[in-house]
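S.K.: The lines below spell out each chain.
Number of protein chains: 2
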Amino acid sequence: MPDLKFQDGLIPVIVQDAKSREVLMMAYASEKAVRLTRETGFAHYYSRSRKKLWKKGEESGHFQKVERILTDCDDDCLIYEVVQTGAACHMGYASCFYRTLDGNVVGTKVFDPEKVYKKPGR
Amino acid sequence: MPDLKFQDGLIPVIVQDAKSREVLMMAYASEKAVRLTRETGFAHYYSRSRKKLWKKGEESGHFQKVERILTDCDDDCLIYEVVQTGAACHMGYASCFYRTLDGNVVGTKVFDPEKVYKKPGR
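So the protein sequences, as listed, match chains A and B. Just so you know, numbering that gives the first Met the number 0 puts the end of the first sequence at 121, numbered straight through with nothing missing. Just so you know, numbering that gives the first Met the number 0 puts the end of the second sequence at 121, numbered straight through with nothing missing.
For reference, chain A alone in the conformation it holds in the complex (with noise of 0.2 Å):
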């Protein structure tokens, strides 16, 4: 395994769909959480403002199982490519990425944020 560059503790993810291509969303992984992922098949990411570990799904039931990682040249940036169980996004959308730079939204909705998690927007 190439020796990995984080920056204070974190690498960022970017998160692709295995099959359809599109980038669902981009989060932080410390080593346990890129450690635990390869272990077990389902993506862990650290999150920054809860200061914590997390298992993406863990709320929501919308697991990612991780198919394959890639590492970049500088080994400083990852892609989880998944298979998405739900939407990646807690706003309802497949892909956190549903808006373009303009405002317009390009995205799909896929589930109705506020029957999924305790509060609408987390």
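Source of the hints: derived by calculation from the structure; they are not laboratory data. Since we're looking at a predicted model, the values are computed, not measured. Just so you know, not all the hints are guaranteed correct.
Which copy is meant is left open, so a pair is good if it fits within one copy or across any two.
Cross-link-like lysine-lysine pairs, in silico, PhoX-like; alpha carbons within 25 Å at most [as the list claims (entries may be wrong)]:
# : residue 1 : residue 2
1 : Lys4      : Lys18
2 : Lys108    : Lys4
3 : Lys64     : Lys51
4 : Lys108    : Lys51
5 : Lys54     : Lys64
6 : Lys50     : Lys108
7 : Lys114    : Lys64
Mind docking chain B on chain A? Use the hints.
M.R.: Only chain B this time, still in chain A's reference frame:
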């Protein structure tokens, strides 16, 4: 335009091939880099190591024509959807993500970096 959240003046940018949907690279943009990208239609970034704004391709000729910019639900990460001239990676691969975390090379080599850059591996 959404109120983008820059951290230490920068926002991470995922660069995706507009046609093949391959993720080509990840880089950071300053507010000025985002503005220049929108104004010129060509990808601009901010190099943290060189501490300067750069236009992708200014040295290699491998420019990125930006077809669309997406922002994520938190407005703290962007996707540039691009038409890539040549290849994105300075190592000569189409994508910077040309290896699995297990060390297998899975990407396609497009050019010889020694012939494109003054010094190999830059």
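S.K.: Compare the structure with each hint and give your call.
M.R.: Hints and how they fare:
1. For a Cα distance limit of 25 Å, the shortest separation of Lys4 from Lys18 qualifies neither inside one copy, at 28 Å, nor across copies, at 30 Å.
2. In this assembly of identical chains, the alpha carbons of Lys108 and Lys4 lie at most 25 Å apart only when taken from different copies (24 Å versus 35 Å within one copy).
3. With identical chains, the CA atoms of Lys64 and Lys51 are at most 25 Å apart within one copy only, with a shortest distance of 20 Å there and 38 Å across copies.
4. For the homomeric pair Lys108 and Lys51, neither the shortest alpha-carbon distance inside one copy (28 Å) nor that between copies (38 Å) is at most 25 Å.
5. For a Cα distance limit of 25 Å, the shortest separation of Lys54 from Lys64 inside one copy, 11 Å, qualifies, whereas the shortest one across copies, 36 Å, does not.
6. For the homomeric pair Lys50 and Lys108, neither the shortest alpha-carbon distance inside one copy (29 Å) nor that between copies (39 Å) is at most 25 Å.
7. Within a single copy, Lys114 and Lys64 get their C-alpha atoms as close as 23 Å, which meets the 25 Å cut-off; across copies the closest is 40 Å, which misses it.
The earlier numbered hints that this structure contradicts are 1, 4, 6.
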